[in-house]
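Student: Each chain is listed here by its residues.
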Amino acid sequence: MNLAEGVQIVSFGLLSLMAIGAALGVVLLANIVYSAFLLGGVFISIAGLYLLLNADFVATAQVLIYVGAVNVLILFAIMLVNKRQAFVTVQRAWIRRVSTAVVCSGLFSLLAVMVASTPWSFSTGAAAGNGAIVTIGKHFFTDFLLPFELASVLLLMALIGAVVLARRELLPDDAIAPLQQPALTLPERPRELLAVGTTPPEATIARLPSDQNS
Amino acid sequence: MQLQYFLILAAALFCIGIFGLITSRNAVRVLMSIELMLNAVNLNLMAFSNYLDAQDIKGQVFTTFVIAIAAAEAAVGLAIVLAIYRNRDTVDMEQFNLLKW
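As they're listed, the protein sequences go chains G and A.
Quick note: the first sequence uses our numbering, first residue 1, plus one each step.
Quick note: the second sequence uses our numbering, first residue 1, plus one each step.
No lab work stands behind these hints, which were simulated from the structure alone.
Keep in mind that this is a model prediction, so the values were computed, not measured.
Careful, some of the hints might be misleading.
[Claimed, not checked] If you want the footprint, here are the derived chain G segments under chain A, 3+ residues with CB under 8 Å:
1. 50–57
2. 76–84
3. 106–112
Glycine included, C-beta positions come from ideal geometry on N, C-alpha and C.
Looking at chain A on its own, in the form it has when it is part of the complex:
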């Protein structure tokens, strides 16, 4: 097994996440794309931790922190989506122009 395979897979997942983040119009799908990008970063960290730092696995520690913060981000993000939905009665990203002049 090669480190490069994992890194290329993580790069592909990250690019799919960016594509979804920019093009999707449903706010919940934007949050799902952010989760995809976070998972790609986690995969990178785990691959580095296994192949480059096998004894002193700090990458797994970082991945655990990223998972914890991703859970917090998902909770707060979905709460914000709910609040906006109650305010604007839509989840279309094109109509979220409260801060646009």
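Chain G on its own, in the form it takes in the complex:
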């Protein structure tokens, strides 16, 4: 990315503020629809961070897959399981929240100390830059060929599995019942009988084929 150092620092700061704020909103807001839209904000800011990291292809994939597919899927799930009722209150729920917050901040400080104290060995050669997508394609079709094909099989399995899990279950006697069921009839009003009025129903039924022919 051919940006000046100051521009990179400022955009990193803005994107990280957006990501952290939206992630806190996802976790802490009470309304889950707001959480879902803020999750889209997290995904978009992470795509911007990928652009800062010289990865155009992965940033595009992030926007397409996460914002376009996963976030929409989550919104659909919220729409399908939307039930307006408050959860039953649990005794001493604040203990769980406080202890989880303590553990998470402890984990974060541990990771931060580890990141700051590790002597990273930075690579010195020229970056892949705009040729990154060619390099990724070569990796996919040479040394990562087996995982690539397995990923396609996994996506197919996930597709079929999601359909099987989410469809309505057929009860066993429902599966057997259609054998004894009569032919299906549409529940509609007999219009000819009403139109004819005083004529007996047998005559109407007898006259039907001739009506259709004329």
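With the hints as your guide, set chain A onto chain G.
Tutor: Positioned in the frame of chain G, the structure of chain A alone reads:
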């Protein structure tokens, strides 16, 4: 730009994801927290790929795989949430005690 900034940001996102995973009671929000954690891991991989492995960008390949598997996970997870909702008529994580004795 420093590698450490990206790593600390990813660590913060991961910790927020863990917090949401444990404390939230709506099952859909649990899945959203899992997505947050996966994104934090992806950010780590991309930062390592840019700063430590700039020529032979294997981190981007790994990130693409993680994105594909996260999409599959989201689809199956939301299908499971739908099935449980149809069964138990709630999405409260406290009432999912089918496997609890």
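Student: Does each hint hold? Answer for all of them.
Tutor: Against the structure, the hints:
1. 50–57: Since three or more residues must qualify, the claim that chain A covers the segment 50–57 of chain G holds, with 6 doing so at under 8 Å.
2. 76–84: holds (count 6)
3. 106–112: Since 4 is at least three, the answer is holds.
Violated hints: none; the structure is consistent with every hint.
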